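J.: These protein sequence lines are chains A and B, in that order. The C-terminal residue of the first sequence carries number 614 in the numbering used here, and the numbering is unbroken. The C-terminal residue of the second sequence carries number 119 in the numbering used here, and the numbering is unbroken.
Honestly, I wouldn't trust all of these hints.
[Unchecked claim] Okay, derived cross-link-like pairs now, SDA-like style, lysine to any residue, Cα gap no bigger than 25 Å in a straight line: (1) B:Lys-65 x A:Thr-406; (2) A:Lys-456 x B:Thr-87; (3) A:Lys-393 x B:Gln-86; (4) A:Lys-477 x B:Glu-35; (5) A:Lys-312 x A:Pro-407; (6) A:Lys-461 x B:Leu-70; (7) A:Lys-393 x B:Lys-65; (8) B:Lys-18 x A:Asp-440; (9) B:Lys-54 x A:Asp-463; (10) B:Lys-18 x A:Asp-382.
[What the hints assert, rightly or not] In silico negatives: residues of chain A with every beta carbon more than 12 Å from chain B: (11) Lys-12; (12) His-292; (13) Asp-390; (14) Leu-404; (15) Thr-409; (16) Met-413; (17) Ser-414; (18) Leu-444; (19) Leu-452; (20) Ser-465.
[Said to hold, decoys possible] On the chain B side, residues computed to face chain A include the following (Cβ under 8 Å): (21) Asn-12; (22) Thr-66; (23) Asn-69; (24) Ala-105.
Hint data in this document are derived by calculation from the structure and do not stem from the laboratory. Remember, it's a predicted structure, so these values are computed and weren't measured experimentally. By construction, the Cβ of each residue, glycine as well, lies at the ideal position given by its N, Cα and C atoms.
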Amino acid sequence: MKPLIRLNLREKILLGFGMVMIILLIIFAVSLTSLLKLGKASDAILKQNYMSIEATNQMLDAIEQHYRMLSDFSPHNKPENQKAMMDEQLRFEHWLIIEKGNITEKGEAESALKLEQSYRQYLINIQALTERNFTTIVEKNTHLINLVRPQLNNVRYYCKQIMQVNQATMFKSSNRAKLIAHKATFTLILIGILGIMLAIIFSLSLSSIIVRPLKNMLDALSKVANGDYTARIEYHSNDELGIVSSEFNHMAQKLSEYHEMNIRTILKEKQINEAILQNMDDGLFLLDTDYHITNVNLSGARFFGSDPATCKGKHILELIRQEMLFEFIKDTALQGKSPVFTEGQNILVNEINSNKQYLQFNLTPVFQQSGVLIGVMILFTDITHLKKLDKLKSEFLMIASHELKTPLTSMSMSIALLKETAESKLDDAEKELLQIAVEDTQRLKALISDLLDISKIEAGKIDFSFENISVESIISKTLHSFITMAQDKNITIESKLEPELQVRGDFSKLAWIMTNLLSNAIKFTPQDGQIVIKAIQTGAYIQISVADNGIGIPYEFQNKIFDKFFQVASYLNTGGTGLGLSICKEIVRAHGGTIWVESEPGKGSTFSFTLPIG
Amino acid sequence: MHKILVVDDEKNIRLTVKRCLESPDMAIDDAINGEEALAKLTEQSYHLMLLDLKLPGIDGMDILKTVRNLYPDMRVVIISAHGSIQTAVEAMKEGAMDFLEKPFAPSDIRQVVQKVLTS
Numbered sequence: 001m002k003p004l005i006r007l008n009l010r011e012k013i014l015l016g017f018g019m020v021m022i023i024l025l026i027i028f029a030v031s032l033t034s035l036l037k038l039g040k041a042s043d044a045i046l047k048q049n050y051m052s053i054e055a056t057n058q059m060l061d062a063i064e065q066h067y068r069m070l071s072d073f074s075p076h077n078k079p080e081n082q083k084a085m086m087d088e089q090l091r092f093e094h095w096l097i098i099e100k101g102n103i104t105e106k107g108e109a110e111s112a113l114k115l116e117q118s119y120r121q122y123l124i125n126i127q128a129l130t131e132r133n134f135t136t137i138v139e140k141n142t143h144l145i146n147l148v149r150p151q152l153n154n155v156r157y158y159c160k161q162i163m164q165v166n167q168a169t170m171f172k173s174s175n176r177a178k179l180i181a182h183k184a185t186f187t188l189i190l191i192g193i194l195g196i197m198l199a200i201i202f203s204l205s206l207s208s209i210i211v212r213p214l215k216n217m218l219d220a221l222s223k224v225a226n227g228d229y230t231a232r233i234e235y236h237s238n239d240e241l242g243i244v245s246s247e248f249n250h251m252a253q254k255l256s257e258y259h260e261m262n263i264r265t266i267l268k269e270k271q272i273n274e275a276i277l278q279n280m281d282d283g284l285f286l287l288d289t290d291y292h293i294t295n296v297n298l299s300g301a302r303f304f305g306s307d308p309a310t311c312k313g314k315h316i317l318e319l320i321r322q323e324m325l326f327e328f329i330k331d332t333a334l335q336g337k338s339p340v341f342t343e344g345q346n347i348l349v350n351e352i353n354s355n356k357q358y359l360q361f362n363l364t365p366v367f368q369q370s371g372v373l374i375g376v377m378i379l380f381t382d383i384t385h386l387k388k389l390d391k392l393k394s395e396f397l398m399i400a401s402h403e404l405k406t407p408l409t410s411m412s413m414s415i416a417l418l419k420e421t422a423e424s425k426l427d428d429a430e431k432e433l434l435q436i437a438v439e440d441t442q443r444l445k446a447l448i449s450d451l452l453d454i455s456k457i458e459a460g461k462i463d464f465s466f467e468n469i470s471v472e473s474i475i476s477k478t479l480h481s482f483i484t485m486a487q488d489k490n491i492t493i494e495s496k497l498e499p500e501l502q503v504r505g506d507f508s509k510l511a512w513i514m515t516n517l518l519s520n521a522i523k524f525t526p527q528d529g530q531i532v533i534k535a536i537q538t539g540a541y542i543q544i545s546v547a548d549n550g551i552g553i554p555y556e557f558q559n560k561i562f563d564k565f566f567q568v569a570s571y572l573n574t575g576g577t578g579l580g581l582s583i584c585k586e587i588v589r590a591h592g593g594t595i596w597v598e599s600e601p602g603k604g605s606t607f608s609f610t611l612p613i614g
Numbered sequence: 001m002h003k004i005l006v007v008d009d010e011k012n013i014r015l016t017v018k019r020c021l022e023s024p025d026m027a028i029d030d031a032i033n034g035e036e037a038l039a040k041l042t043e044q045s046y047h048l049m050l051l052d053l054k055l056p057g058i059d060g061m062d063i064l065k066t067v068r069n070l071y072p073d074m075r076v077v078i079i080s081a082h083g084s085i086q087t088a089v090e091a092m093k094e095g096a097m098d099f100l101e102k103p104f105a106p107s108d109i110r111q112v113v114q115k116v117l118t119s
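Pulled out of the complex, with its shape left as it was, chain B reads as follows:
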């Protein structure tokens, strides 16, 4: 059973990503912002975090830095509408495993998630 946390302030993104990944061996949880995500992380551990970079409150990049320090075993994939080579490179430097630019298709998400979880 893989536990995945989807962090995005957009309800519909959270919902569609969850639906997309729904399967018997996946437990998917979501958080509306950085604060909620950090709170959920203290309660239980996750294998993978899908993190939006643009969030109200704590910025996605700062959350990335924090979780990389606190939970080095958890893998992080960035999902962002503000895709640019620069931000992608920066996220990778901070320890993100991959960078998914919006808009993405269900197959994109499944592929990335599969790849990251099996690596």
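For reference, chain A alone in the conformation it holds in the complex:
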């Protein structure tokens, strides 16, 4: 098989067919030789031995005729007999010559010689008989029998002998022909079987030579297709399949290297990601769509006094008993998008081992590539330190504003006392300067007071006394002090309250909010404006709103007005501290409600806030 390797596929196929052709040629040659042999054998029988037999038959017949005419011989019919006898005699000699030229068998030549001698003697004895003159036919016949008959018998005997020899040979030849035919049949069958077997062997080996590597290739291909990049085709040859195999192996090698590189890269990335996830300070939870924990990092588990292994598989509510968080998670899963939180809504107070911990959470839906939701990711950030800092800041602010109060008191006292006697002592320019001092100490007072309020609320230093209050009572209490202010600008204030609304809250703080909102509304509503106060129930909340048709708030500032010290630039110098709305926000938040504004510049603003129902 070794030389086959160097042949290409075409040559192999041709070689295979060539082999079958050669076998066919051999069969053809053998058949032909056998047929020729058989033909030759038949020829020999026909041509030589048959001629000898024919000759002896003719000779026998001729001499029998001759002898019969001799016995019939009489003086009366002498001329005709002599002619006929002469013909027979010639016929005999003619065939004798042929026989003598057709000696083929062993002993045939001797027999022919003896035949000729016997015939010569027969003729000599007939001559001797004719030279005598017999008187009677009987006498002649007696002589004939005595003198010629023995010679005739000799001739007959040798003729028969030649005939027998030839017949024996013919028989032998016939047998030989049969034998050759048999042999030929046998040989042909043998060669035929051998040829068929060889053809089968060649076909099988040829097809297997071609198919085996193809099968190997197919196996290797399907292995590679299934991700087994170690598959190789073990087929080394110079033919087309060999080239394909080596190219395939090359490709598989490259694929394998690429795959390994990819796996290594992916593994590395995975390890990095895993390391980041496990070592980050933020807590990360992955929930399935049934809200069971499928994955959690160390920080996440520790936040809730557990470890990742115990957490896995648990329902999120089992670990974190926070209905609010769970509602947000359900929302995220149902809506397929991260919820938008208002400030402070996504903060969770967690107490583990009597340590208060503030956790800020963010929710993200997790989708498969197909777009199917597979879960929700929760990210907890520990903001306790921020809360502490915030508290520290508020406390600092509180102390600072306290400390400012005493010098402010003596300052404002001094200025006020000065002013009491200024009228008679100072000129107008000096009075103006003094007035500036009066106004700005007023402003400073308001500022410090607001600052103190907000820092107290933020630091949790203000105690709220919650009770059930009627909305109507809050509004009537505050409205009271604005009646003159509104009348001055000819502003109408209308209350549209649903009857018997009750909220749970701190009366003085809520009055403070209403005062602030109403004072703003009057401040920013021009002459002859209108202010509407509304209170309605929405679910578990009461929504109170103060709407004016004043100057409104530019869109770009609307989400900033609740920030500390924020004042819309164009409304500066209106005497505000910039803290009123942020105090409102803090108070509303302390009640568990929200506050917001809807405003259209030039058309007016509506401030609304919600409070839990009482």
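Based on these hints, arrange chain B on the given structure of chain A.
T.: Relative to chain A, chain B alone:
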């Protein structure tokens, strides 16, 4: 003639309050801390004491308690920067007549003093 004692560790507060209340029928004295106030009280009696709650040494609230025991006739008004409902309520419980939160205006002081002295 009404005799008033202003107790505050801040010199300027003492000064402005004194100036503010100055009048022919008022005799105003001042003390820098609780100890001095108590010493002055042993020397003479006052009708009214304006008392700061936050003082070095003896705390304002303790002075309030002491003077209420020793001089039940003297009226006390608290003047404090640390105004909270809680401290105000506590001071009232201890017998203070009123609670003035800093910063106050001259009119506030005069009004309170007038009210307390005439009651």
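J.: Against each hint, give a clear statement of whether it holds in the structure.
T.: Status of the hints after comparison with the structure:
For the hint linking B:Lys-65 to A:Thr-406, the alpha-carbon distance of about 24 Å falls within 25 Å, and the restraint holds. Our distance criterion of 25 Å between C-alpha atoms is met by A:Lys-456 and B:Thr-87, whose separation comes to about 15 Å. For the hint linking A:Lys-393 to B:Gln-86, the alpha-carbon distance of about 23 Å falls within 25 Å, and the restraint holds. Between the alpha carbons of A:Lys-477 and B:Glu-35 the distance comes to roughly 45 Å, so the proposed pair goes past 25 Å and is violated.
Between A:Lys-312 and A:Pro-407 the CA atoms are separated by roughly 61 Å; this puts the pair beyond 25 Å, and the hint is violated. This hinted pair does not check out: A:Lys-461 and B:Leu-70 have alpha carbons roughly 35 Å apart, beyond 25 Å. Annotation: proposed proximity of A:Lys-393 to B:Lys-65 is violated, straight-line Cα distance about 35 Å (limit 25 Å). With a C-alpha separation of about 24 Å, the suggested pair B:Lys-18 and A:Asp-440 falls inside the 25 Å cut-off, and the hint holds.
Among the hinted pairs, B:Lys-54 with A:Asp-463 is consistent with the structure: their alpha-carbon atoms are about 22 Å apart, no more than 25 Å. For the given pair, B:Lys-18 sits about 54 Å from A:Asp-382 by alpha-carbon distance, which is inconsistent with the 25 Å threshold. With a least beta-carbon separation of about 107 Å from chain B, A:Lys-12 lies farther than 12 Å from that chain, consistent with its non-interface assignment. At roughly 49 Å, the least C-beta separation between A:His-292 and chain B is larger than 12 Å, which holds for a residue marked as non-interface.
Interface exclusion of A:Asp-390 from chain B stands, the closest Cβ pair being 21 Å apart, more than 12 Å. With a cut of 12 Å on Cβ distances, A:Leu-404 falls inside the contact zone with chain B, its closest approach being about 9 Å. For A:Thr-409, the shortest C-beta to C-beta distance to chain B comes to about 4 Å, within the 12 Å cut-off, and the non-interface label is violated. The beta carbon of A:Met-413 sits about 4 Å from the closest Cβ of chain B, which is not more than 12 Å, so the claim that it is off the interface is violated.
Not every Cβ of chain B is farther than 12 Å from the Cβ of A:Ser-414; the closest lies at roughly 5 Å, contradicting the non-interface assignment. Not every Cβ of chain B is farther than 12 Å from the Cβ of A:Leu-444; the closest lies at roughly 9 Å, contradicting the non-interface assignment. The beta carbon of A:Leu-452 sits about 9 Å from the closest Cβ of chain B, which is not more than 12 Å, so the claim that it is off the interface is violated. The beta carbon of A:Ser-465 sits about 9 Å from the closest Cβ of chain B, which is not more than 12 Å, so the claim that it is off the interface is violated.
The restraint placing B:Asn-12 at the interface with chain A holds, with a minimum CB-CB distance near 4 Å, inside the 8 Å limit. Annotation: B:Thr-66 was flagged as interfacial toward chain A, and the flag is violated, the nearest CB pair being 24 Å apart, outside 8 Å. Taking 8 Å as the C-beta contact cut-off toward chain A, the hint placing B:Asn-69 at the interface is violated, the least distance being around 28 Å. Hint status for B:Ala-105: holds, given a least beta-carbon distance of 6 Å to chain A, under 8 Å.
The earlier numbered hints that this structure contradicts are 4, 5, 6, 7, 10, 14, 15, 16, 17, 18, 19, 20, 22 and 23.
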